[in-house]
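Visitor: Residue numbers (the working numbering), protein chains in the order written: chain A, 1409 to 1826; chain B, 4 to 245.
Just so you know, the hints here were simulated from the structure itself, not pulled from any lab data. For glycine and all other residues, C-beta sits at the position ideal for the given N, C-alpha and C. Be aware that one or more of the hints could be misleading.
[What the hints assert, rightly or not] Partial list, derived from the structure: chain A residues whose beta carbon lies under 7 angstroms from chain B:
| # | residue |
| --- | --- |
| 1 | Thr1420 |
| 2 | Glu1422 |
| 3 | Gly1741 |
| 4 | Ala1742 |
| 5 | Arg1743 |
[Unchecked claim] Beta-carbon label-pair distances, calculated as ranges:
| # | chain 1 | residue 1 | chain 2 | residue 2 | range |
| --- | --- | --- | --- | --- | --- |
| 6 | A | Ile1710 | B | Glu23 | 47 to 57 angstroms |
| 7 | B | Thr63 | A | Val1725 | 26 to 36 angstroms |
| 8 | A | Gly1706 | B | Thr63 | 47 to 57 angstroms |
| 9 | A | Ile1710 | B | Glu139 | 27 to 37 angstroms |
[Said to hold, decoys possible] Negatives, chain B to chain A, calculated, CB over 12 angstroms:
| # | residue |
| --- | --- |
| 10 | Asp29 |
| 11 | Gly30 |
| 12 | Asp34 |
| 13 | Gly78 |
| 14 | Glu91 |
| 15 | Gly93 |
| 16 | Arg125 |
| 17 | Gly137 |
| 18 | Glu148 |
| 19 | Leu190 |
| 20 | Leu194 |
| 21 | Arg197 |
| 22 | Gly198 |
| 23 | Glu207 |
| 24 | Arg213 |
| 25 | Pro230 |
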Amino acid sequence: MRRRLVRGLSETAESFRMAVGTLAANRLRSGLTTLGIIIGVTTVIAIVAIVQGLNKSFDEQVANLGAHTLYVDKWKWLNLDGDWYLFRNRKPIGLREVQAIQRESRIALAVAPMTQFGSRGKLSYRERELTNVQVNGTNAQYLDTGAGTVAAGRFLVETDVDLARPVVVLGADVLERLFPGIPAAAVLGKRVLVAERPFTVVGTLERRGNMLGMPLDNIVHIPFPAWQRIYGGRRSITVAVAAPPGKIPELEDELTGILRRVRAVPAGKPDDFTLNRQEQFLKVYKGLTGALYGAAIGVGLITLVVGGIGIMNIMLVSVHERTREIGVRRALGARKRTILVQFLVESALVAALGGAVGTGLGLAAAQLVAALSPLAAAVTPSAVALGLGFSAAVGLLFGSWPAWRAANLDPVEALRYE
Amino acid sequence: MTPALLAVEDLARLYQVGGEEVRALDGVTFDIAQGEWVAIVGQSGSGKSTLMNILGCLDTPSSGRYAIRGADVAGLTDDELADLRNHEIGFIFQTFQLLPRATALANVELPLIYRGVSRWERRELAKAALISVGLESRMLHRPNELSGGQRQRVAIARALVGNPSLLLADEPTGNLDSATGDEIVRLFGELHARGHTIILVTHEPRLAARCPRAIRLSDGRVVADGPGREVATLGVAQAVSA
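Sequences are here, hints too, so could you generate the full structure?
Guide: As C-alpha cells, this is what we get:
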C-alpha cells in the first residue's frame, strides 16, 4: 500500500521533472505552441475584466440614482421595440399632472417635474459660454427623487418656485467648466445667463458621474415657472415620483388611476402615458453586456480550440521524437498508465503556462483600457482561476490522444525505432 | 538440481507479413539455470531478436511455454508484464538507450522509480550500482559527456540496480571498438563470477566463444546447444561451408 503510494508520487514527480525539462529544452517550440492559448486566454480575461468592471461601476451608479422612483413620461424609455409612433400622438404631460399627483397620491414621498431630456440651452458667465447644457425646470422636491445632493449653498426652495425667482443650481460639470478653478462656495451669488436671461447662482451639486456613458452633471436646475417662460408651456415634461422602499408596485397602481382620471382616458382604452423606472436601464444594460460576454466567450473558446489543436500537434511530434525513450521506459517497467500520465502532465503544463501568461496579458490589457478610456476594469480571483483552469483543461483534453498513442506504442517497435 | 530459472518449451512466434505466415521461432526448447552465462548466437534473421524480446517479456509467444521460476508468463496483463520486466529483467542494449537529458545517476535511478523506491534509497542504490561498474567519478555526467564504453557501463548499472534475476544483453559490444568491447565482456565475466545470470545475444562467434554455454539459432530453430567454444566454432565452420 505504502509502496504503491510512493510509486505513484515518485512517478508523478518524475513526470513533472520531465515535462519541465522537455519544455526548457524546446523553449521556442513550447512558446509558439502556447501562442494560441495565450491569445485565447488574453482575450477572454481582458473582456471579462472590463465587463465585470463596467458592471461594478454601473451597479454603483444605479444605486446612486432614484431606485425607488417612477418617471411619468409620454415616452417609454429605451424603447427598442420600434413602436415609437404609438407614443407620438399622446397628449403632452404638463403641470396639470404634477398637481394632480401632488393633490391625490397618498404613497408618493416627493413629486417633481423634470425637463432636462427635452431642453438644452446656452449658459454664460462673462466671456465664458457653454452650449448644450441640460436645463431642468423643477421644484424643491426634485432632490428627494434620488437626483443628487447639494455640495454648496442650497437647492431650489418652494418660494423660488412659487415666485418664479431667477435662481439657478449648477451641476458639477457646469460649475467646473463655467468657473474653472473656483471653489463651489465662491460662485454663490454670481449672476449667469441661462438662455440669455440673468439668473443668480444659489447652489451647486455633488458630482454624480455617468450613466451608460451619459454625463449626469452637465445640468442646471431652475424653478419650473422660470423654465416655462423660456421654453413655453406646451412641451411635454417628465414627472419624477418617489415612493418608500418596496412600495413601487403600489405607487404604480395609484399613479395609473390618478393619471387616467386627470387625462380622461376612457375605460377599456390603453394608458396614454408610461411609468418608467431606472431598472429599465439596468435591463437593457445587462442585456448588452451579456451579449458582449457571450461574444467574448465564443471568440475565446474558438481560439482555445485552435490553441488546443496546436498543442495536440506538438504533442504528437513530441511523442514521435521520443518513441525510443518510451520504449526504454516500458522495457524498464513503466506501465501504460505511467506513460499516459507523463504526456498528459506535459501537455497540461504547456497549456497552463500559456494560460498564466495569457491571464497576465489579459489583466494588463484591461488595466490599459481602464487607464486610457472611461471604461473601468475589475480584476477578480475568479477570472484568474477561470483562465488557468480553462487552459489546463484544454491541455488535458487535446493532450489525451497523443498521450494515449504514446502509452499504446508497442515496446519492441518503439525500441527499434530509428 | 534446483528448478531452472528460465524454462522455454516448444516456443513458437508467428508473424503475418503481407498475408504470409512467417515462423520467426519454431519449436524452441531449453532451460537456463540460476547463475548461468549463456550466449544466444545466430545470423541476422535467425530469430534471436524475437527470442530475446520474448525472454525479456516485451513480446509474448504465439504458442509454447515460457516460465520464469516456474511461473508461466502466458496470460499476464500488460501491467503484470511491466512489473515483471521491472523486477526480474535487466536490459542492456546495443545502442545503450540512455535518456539523453538525464545524468548517469538519473538514468540508473529510472527502474527504481517504476518500483516505488523512495527518493533517498533510489539515490543510494544507483550510486552503489555505478560504483560497481567503475563509474564513481562520472555519476553526474550526461550521456553525451561519456565515452561509448562508459555509456554502456551506465546501461549495465541501470540493468543491475534493481537486482533482477536475469541480465539480458542484446549485442552489448556491437557499437564499441574491440578494446572497449573486451572491457565490457570482462565486466560481464565479473558479474557472472558474482552470481548473476546473463543471457548475451550476439552474432559474433568470438564473443560467444567466451561464454560457458551457447545456444545457436538458425531459421527459428535451435541447431546447437553446448559449451560456448564448440558452438561458436561450429558456426564458423558452417558459415565457411555454406
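Visitor: Should the hint that A/Ile1710 and B/Glu23 are 47 to 57 angstroms apart at their CB atoms be regarded as holding?
Guide: Cβ of A/Ile1710 to Cβ of B/Glu23: about 50 angstroms, so the range 47 to 57 angstroms holds.
Visitor: Beyond 12 angstroms on every Cβ pair: is that true for B/Pro230 relative to chain A?
Guide: 30 angstroms, holds
Visitor: Minimum Cβ separation between B/Arg125 and chain A greater than 12 angstroms?
Guide: 8 angstroms, violated
Visitor: Examine each Cβ of chain A, and state whether all of them lie more than 12 angstroms from the Cβ of B/Gly137.
Guide: For B/Gly137, whose nearest Cβ neighbour in chain A is about 22 angstroms away, the distance exceeds 12 angstroms, so it holds.
Visitor: Does B/Gly198 clear chain A by more than 12 angstroms, comparing its Cβ with all Cβ atoms of that chain?
Guide: 22 angstroms, holds
Visitor: With a cut-off of 7 angstroms on the beta carbons, see whether A/Glu1422 makes it to chain B.
Guide: 5 angstroms, holds
Visitor: Would the least Cβ to Cβ distance between B/Arg197 and chain A come out above 12 angstroms?
Guide: The claim stands: B/Arg197 keeps its Cβ more than 12 angstroms from every Cβ of chain A (closest is about 22 angstroms).
Visitor: Confirm or reject the statement that B/Arg213 sits farther than 12 angstroms, beta carbon to beta carbon, from all of chain A.
Guide: 26 angstroms, holds
Visitor: Cβ-Cβ distance between B/Thr63 and A/Val1725: within 26 to 36 angstroms?
Guide: This hint holds: roughly 31 angstroms between Cβ atoms.
Visitor: Taking 7 angstroms as the limit, does the beta-carbon of A/Arg1743 come near enough to a beta-carbon in chain B?
Guide: 5 angstroms, holds
Visitor: Could you let me know if the closest chain A CB is still more than 12 angstroms away from the CB of B/Gly30?
Guide: 22 angstroms, holds
Visitor: Could you check that no beta carbon of chain A comes within 12 angstroms of the beta carbon of B/Glu91?
Guide: Non-interface label fails for B/Glu91: nearest chain A Cβ at 10 angstroms, not farther than 12 angstroms.
Of the numbered hints stated above, those contradicted by the structure are hints 1, 9, 14, 15 and 16, listed in ascending order.
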